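**Q** Listed below, chain by chain, are the residues.
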Amino acid sequence: MFPVINWSLVSLEVLMSIILVLLVAVDIALPKNTDKDWIGIFSFIGLAGLIIFWLTQGSLNGVTFSGMYVMDSLAWFFKGFFLVAMVFVFAMTQEFFKSLGERRNEFYLLLWLALIGMCLIASSADFLLMFIAIEILTISLYVMTAYLKSDRLSIEAGMKYLILGALASGFFLYGISFLYGAAHSTHFDVIQSYCQTHGITPITVFATVLIFAAVGFKIAAVPFHMWVADVYQGAPTPVTALLSVGSKAAGFIVLIRLFFGVFGAWHVEWSLVLAVLSAITMTYGNLVAMCQTNIKRLLGYSSISHAGYLLMGAAAGTALGAAGINFYLLGYLFTNLAAFLVIIVFSIAAKSDEIADYAGLSQRSSLLACAMLLALVSLAGMPPLAGFFGKFTLLMAVIKSGYVWLALIAGVNIVISTYYYLVVAKRIFVEKPHSTTPVAISAGMQLLLVLAIVGIVVVGTFQGPFLDAAMAAVNGMYLAHP
Amino acid sequence: MLGHYLILSGIIFSLGLIGVMTSRNVLKVLLSLELLLAASNLSFVSFSKFNGDYAGQLIVFFVILVAAAEVAIGLAIIVVMYRRLSTIQADELKEMKW
Chain A
-16 MFPVINWSLV
-6 SLEVLMSIIL
4 VLLVAVDIAL
14 PKNTDKDWIG
24 IFSFIGLAGL
34 IIFWLTQGSL
44 NGVTFSGMYV
54 MDSLAWFFKG
64 FFLVAMVFVF
74 AMTQEFFKSL
84 GERRNEFYLL
94 LWLALIGMCL
104 IASSADFLLM
114 FIAIEILTIS
124 LYVMTAYLKS
134 DRLSIEAGMK
144 YLILGALASG
154 FFLYGISFLY
164 GAAHSTHFDV
174 IQSYCQTHGI
184 TPITVFATVL
194 IFAAVGFKIA
204 AVPFHMWVAD
214 VYQGAPTPVT
224 ALLSVGSKAA
234 GFIVLIRLFF
244 GVFGAWHVEW
254 SLVLAVLSAI
264 TMTYGNLVAM
274 CQTNIKRLLG
284 YSSISHAGYL
294 LMGAAAGTAL
304 GAAGINFYLL
314 GYLFTNLAAF
324 LVIIVFSIAA
334 KSDEIADYAG
344 LSQRSSLLAC
354 AMLLALVSLA
364 GMPPLAGFFG
374 KFTLLMAVIK
384 SGYVWLALIA
394 GVNIVISTYY
404 YLVVAKRIFV
414 EKPHSTTPVA
424 ISAGMQLLLV
434 LAIVGIVVVG
444 TFQGPFLDAA
454 MAAVNGMYLA
464 HP
Chain B
5 MLGHYLILSG
15 IIFSLGLIGV
25 MTSRNVLKVL
35 LSLELLLAAS
45 NLSFVSFSKF
55 NGDYAGQLIV
65 FFVILVAAAE
75 VAIGLAIIVV
85 MYRRLSTIQA
95 DELKEMKW
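Respectively, the protein sequence lines represent chains A and B.
Per the numbering used here, the first sequence runs over residues -16 to 465.
Per the numbering used here, the second sequence runs over residues 5 to 102.
No lab work stands behind these hints, which were simulated from the structure alone.
No experiment lies behind these values; they were computed from the predicted model shown.
Here are a few chain B residues that face chain A, going by a calculated C-beta distance under 7 Å:
no.: 1; residue: V24
no.: 2; residue: L41
no.: 3; residue: S47
no.: 4; residue: G60
no.: 5; residue: V70
no.: 6; residue: M85
Pairs of lysine to aspartate or glutamate residues, derived as DMTMM-like cross-links and limited to a Cα-Cα distance of at most 25 Å, are as follows:
no.: 7; chain 1: A; residue 1: K143; chain 2: B; residue 2: E96
no.: 8; chain 1: B; residue 1: K53; chain 2: A; residue 2: D172
no.: 9; chain 1: A; residue 1: K143; chain 2: B; residue 2: E38
no.: 10; chain 1: A; residue 1: K415; chain 2: A; residue 2: E337
no.: 11; chain 1: A; residue 1: K409; chain 2: A; residue 2: D340
no.: 12; chain 1: A; residue 1: K334; chain 2: B; residue 2: E99
Backbone N, C-alpha and C define an ideal beta-carbon position, used for all residues, glycine too.
Based on the sequences and whatever the hints tell you, model everything.
**A** Shown next, in the form of C-alpha cells:
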C-alpha cells in the first residue's frame, strides 16, 4: 500500500537536514563562552561536501513521493546555484557578525533552513510541497530580517516583510484551493493535463491570478514590490544579499515550472499580461532608483528592475526565454554578490550605507573600488561582462516571440539604469574621499571578492558552456510544455 | 451546496483582506492574516467533500501547521517591536520611506 520512495533522488535535501540537526546539537553542546566560530566552520565544511555531492547528481532524473517531488535538470541547475550563493552568504554572515558581536549561531541555522526551503522549491512537483517549501524559505527569512533586535530599521523591515509575505502566501493558498477544486488534485501532472483539455474558465483565471500575485511578490515585480526597498534597506546585509539572489531565483523557478510547464497550454493568453508587467516593472524600478541616497535601497530598486528584465523571458514563453532567465540569474548571482560583498566590507569599516560616504573609495581600497565598478557596470549591462549577455539572450528571446516593443522599452531602460549605476561609480572614482584611511579587508573577503570578479568576467566572456547548461536545464525539464 | 461554502469562504477571505489593509494595530493585522488562511482551509475542505477525495482535507493539516509557525514568528516580532518602539501601531513603522 505504501508508495516506494526513491531516496537517491532526495538525498541532497536529506543530507542538508541531517547537517542542520547536527549543527543544532553542536550549538547546544558548545560551551557558551567559546570565541571560535565552530558553527560557521562546520557550515563551510558541510557546504563544500554538498557541492561535491551535488556534482555527482547531474544525471539523476525522476519523480518520487507519489509524484510530489521531482529531480530533473532544472532542479539540479538551481540547487547548484543556491549552494554557490550560500557559500557567499555564509562568509558574509561571518564577517558581518564578527564586527557586531551579536549571537550568530542561530543565524547560521536559519540560513541552512532557508537553503533547504530553496532546494525543495526547485524540486517540487505538487502545489502542497511548493507551498510548504516557500513557507520554509520565507518564515526563516522573516526571522533573519528582524534579527538585529536593537536596530529600529531591522525590526521595521521584519514587520513589513512578515505582513506582506503572509498576505502573499494567503493569496497563493487560496489560488491553490480553487485549482484543486477544478482539477481534483494538486499534482502538477494532473493540473497540466487539466489545462490541456479544458479551456480557460473563470475559476482557473481566478486561481492563476492569485498564484501569480504570490509569485510576483517573491520575484519583486510591480505591483507586488512594496516591501522590497524597505526590507532591503532594513535587513542585515547578508539577508539582503540572500533576498536579492536566492529568494528571487526561487521565485523564478516557480515561474518557470508554472508558466512553461503546468500552465503552458494557456501561454498565449498569459503572454501579453507578463509582457506588460515586465515593461512596467523595469521602468518603475529604474526611475525610482535614480533618486536614492542609500546604496542598499538603490540595489533594492535595481533588483525590481532586474525582475522586469527577467520577466521578459517568461513573456517570451519559449525554451530560449527560459534558458535566458537561467543564464541571466547565473550572471546576476556573481554580479549582485560582488556588490553586496563590497557593501558589507565598507559598512563594517565606515558604519554607513549612504552613497555619499562612498566618495573616493578608489583611494582607500582599490580592490573594493574595482569590484564595485565591475558589479555596477555588469548590472548596467556593458559588454563583455555577465550582465550584457544575459540581457542580450533575453532580448533575443522576446524579439523572436514578436514583442519588439518590449525589447525597445528594455533598451531605453538599460540606458536609464546606466546613468544611476555610473553616478555611484563616479563617486567612487572621481570625488575626493572624506578620510584617507585604507579600508581593511580580511583574507576570506578578499578571496570571495576575487572569486566574484572572476565569475562576472568568465560568465560574460566564455558564455558558451554556461548558456549550454542553462539551455540543458530547460530542455530536460519535467512536464515541459511541448 | 458547494456554492454556499465557497461564498462563505470568499466572505471570510474578503474580511481578512479588508482587515489587513485597514487595521492600524499589528495584532489585528496578524489576526486578519489568519482569516485568509482559514478561508483557504474552508474551501479546501468543501472542495474535498464535494469532489469526493481526501487530499484537500490532508492539505488543511499542513496549512494549520504553517499558520501556527507564521503566528509564532509574527508574535515574536511584535514583542521585539514593542520593546524597542513601545508601540504596536503599524503607522509608527515609518522610519524608511522612498
